[in-house]
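The residues making up each chain are set out below.
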Amino acid sequence: MSEAIFPIVYQSEEFRLLTAIVLGFLFGFSLERAGFGNARKLVGQFYLQDMTVFKVMFTGILVAMAGLYSLATFGLVDLSMIWINPTFVWAQVVGGFVLGAGFIMSGLCPGTSVVSAASGRWDGVVTFLGVFLGIALFALTVDWLPGLSALYTDGSLGIITLPDLLKVPAPLFALIVVVIAVVAFVGAEKVERAFQQRRHPTELTPKPRPRIKFALGGIFALASLVAMTGTTPRPNPGPKPMTVIAPMTLAEAIIARHPDLVILDIRTASDPELPLIPGAARADSDSSAIRALSHAGPYSTVVVYDEEGTMTEAPESWPRGLDYRYLRGGFAAWESEVLTAIEMEGYDSERRAFVQRQNQIAAYFSGAGVDAAVAAAPPPPLPTGGAKAKKKKAGGC
Amino acid sequence: MQAKPYWNPYLAGTLLGLTLLATFLVAGQGLGASSLPKRTFAAAAAEVSPEWAANNTAIGAYVQDGEPLRNWMVIEVIAMFVGGFIGALSGGRFNVTVEKGPRISTRGRLLYALAGGTLMGWAAALARGCTSGQALSGGATLALGSWIFMMMVFAGGYALAYAVRRQWT
Numbered sequence: 001m002s003e004a005i006f007p008i009v010y011q012s013e014e015f016r017l018l019t020a021i022v023l024g025f026l027f028g029f030s031l032e033r034a035g036f037g038n039a040r041k042l043v044g045q046f047y048l049q050d051m052t053v054f055k056v057m058f059t060g061i062l063v064a065m066a067g068l069y070s071l072a073t074f075g076l077v078d079l080s081m082i083w084i085n086p087t088f089v090w091a092q093v094v095g096g097f098v099l100g101a102g103f104i105m106s107g108l109c110p111g112t113s114v115v116s117a118a119s120g121r122w123d124g125v126v127t128f129l130g131v132f133l134g135i136a137l138f139a140l141t142v143d144w145l146p147g148l149s150a151l152y153t154d155g156s157l158g159i160i161t162l163p164d165l166l167k168v169p170a171p172l173f174a175l176i177v178v179v180i181a182v183v184a185f186v187g188a189e190k191v192e193r194a195f196q197q198r199r200h201p202t203e204l205t206p207k208p209r210p211r212i213k214f215a216l217g218g219i220f221a222l223a224s225l226v227a228m229t230g231t232t233p234r235p236n237p238g239p240k241p242m243t244v245i246a247p248m249t250l251a252e253a254i255i256a257r258h259p260d261l262v263i264l265d266i267r268t269a270s271d272p273e274l275p276l277i278p279g280a281a282r283a284d285s286d287s288s289a290i291r292a293l294s295h296a297g298p299y300s301t302v303v304v305y306d307e308e309g310t311m312t313e314a315p316e317s318w319p320r321g322l323d324y325r326y327l328r329g330g331f332a333a334w335e336s337e338v339l340t341a342i343e344m345e346g347y348d349s350e351r352r353a354f355v356q357r358q359n360q361i362a363a364y365f366s367g368a369g370v371d372a373a374v375a376a377a378p379p380p381p382l383p384t385g386g387a388k389a390k391k392k393k394a395g396g397c
Numbered sequence: 001m002q003a004k005p006y007w008n009p010y011l012a013g014t015l016l017g018l019t020l021l022a023t024f025l026v027a028g029q030g031l032g033a034s035s036l037p038k039r040t041f042a043a044a045a046a047e048v049s050p051e052w053a054a055n056n057t058a059i060g061a062y063v064q065d066g067e068p069l070r071n072w073m074v075i076e077v078i079a080m081f082v083g084g085f086i087g088a089l090s091g092g093r094f095n096v097t098v099e100k101g102p103r104i105s106t107r108g109r110l111l112y113a114l115a116g117g118t119l120m121g122w123a124a125a126l127a128r129g130c131t132s133g134q135a136l137s138g139g140a141t142l143a144l145g146s147w148i149f150m151m152m153v154f155a156g157g158y159a160l161a162y163a164v165r166r167q168w169t
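Taken in order, these protein sequences are the chains called Y and F. Take 1 as the starting number for the first sequence in the numbering used here and just add one per residue. Take 1 as the starting number for the second sequence in the numbering used here and just add one per residue.
Be aware that one or more of the hints could be misleading.
Claimed, not checked - A short, non-exhaustive set of chain F residues, derived as facing chain Y with CB atoms under 10 Å:
hint, residue
1, Lys38
2, Gly91
3, Arg128
4, Tyr162
Claimed, not checked - Which bits of chain F does chain Y cover? Going by a derived footprint, with three or more residues having C-beta under 8 Å, they are:
hint, region
5, 16-27
6, 39-47
7, 53-65
8, 108-120
Said to hold, decoys possible - Which bits of chain F does chain Y cover? Going by a derived footprint, with three or more residues having C-beta under 8 Å, they are:
hint, region
9, 5-12
10, 83-89
11, 131-142
12, 145-155
Source of the hints: derived by calculation from the structure; they are not laboratory data. Backbone N, C-alpha and C define an ideal beta-carbon position, used for all residues, glycine too.
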């Protein structure tokens, strides 16, 4: 029912490559329509006379972010299958600053230099050549210049998002970003007008049409708000839809000894010898589940799995305020995706990193045996759901 | 042909955002730009010295795959050029010229463009992406490093803006 359908998985890499033709075209076209083929328009951002860069870029980020996280909340997209840029703090601090400096010198960024060149501008062509030279310069010196490869690789935090860092539910964080951005849009309009009056406006700056701008901005903001609030947890009772977690994501969390992770096995325990995901508590009845959950901390992530991932709603009786996830595909998917190694053939480098990691994890969990894996990575202390529930907590939840 | 006005920035931004969202959904990754020159360099380096290229920290992974240019982003950037070209033509903005202010020579402006481009290429290789791959695409996934990068891009731009104002006004 709620099986993630995105990102689309193709039978052959060729089909995926074909999508780049349409999407790349739309990318270039939308940048051109925004005015990003023109260096003089772009640099207005840095002289506060024309905030188009900020407005277009943040509108784009908001639309994609709201769409992505809304679809993830409904279980339609599996975020663990989407490429999220890994964080390398120092490389991104230094690289960002230097790129900004290059941006104001050339008046273009690498992407907009392509659009500028396509619009016939020689400065775009030359900037793009410069980008090629700069990349070559980096590749030629990275293994030779002392300290450069350390700058490139140090400060690695892996794949981490702002909501992960701040321990805020992702949809709530996305909503906060929308609100901040709308305030910033209003501010940008004011700054723009103030600076356009101070200096005489260039012929490139479009005539200010504040009503249309505000109307469009407002409609978009409202639409985003409605979309986002529709997906943030509401306090009214009833079964709570759970968000989805991919088996690999769960495997990584177990290996990383995620401190606030509770795993519940809700398969009917006809066979007490049934293998569990390491660290899982058996919760074959509602009361044993609630007992296990009563010990969970306020920001815990609760991963629930059955045989095939068919349970996608947390019962009304379960404690509120916890981050409930259901394991996509249930225990069957755990067996097929985590415990099974896959062939490396035919993957490019971006995918290969995933595959390599997957095979390490498969070896970790299945090669060493489930018991050994538990010993190697002791899961967070959990009540075992029955015999050992020591503390009697008054009130339960 | 008289140039048509640009789109409202929020409208253009919405089309950009929908394109990016569609990219995540159908391709499982974001949009990029500096990938094309990086992979072109990787392919050239692999021709000249396969062993050096395969062991290089920055481009080694691309070369080990065998075909650095057989990649989603390479096709995307070529299509992006076509999209920009059609956009400029249909908007009446295609014009073979150099964008600059009145106080700088064409040669001076192009030298600035070359220097700025080189800095950006170096920086994009270091940061593993540029404004498209990091700030825009990574920003939409809320990746921590991409937001750090984005803030630093604005910081770098504002820091140098006064020093290079002669180019534009």
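**Report entry** List of violated hint numbers, smallest to largest
**Finding:** Structure breaks no hint.
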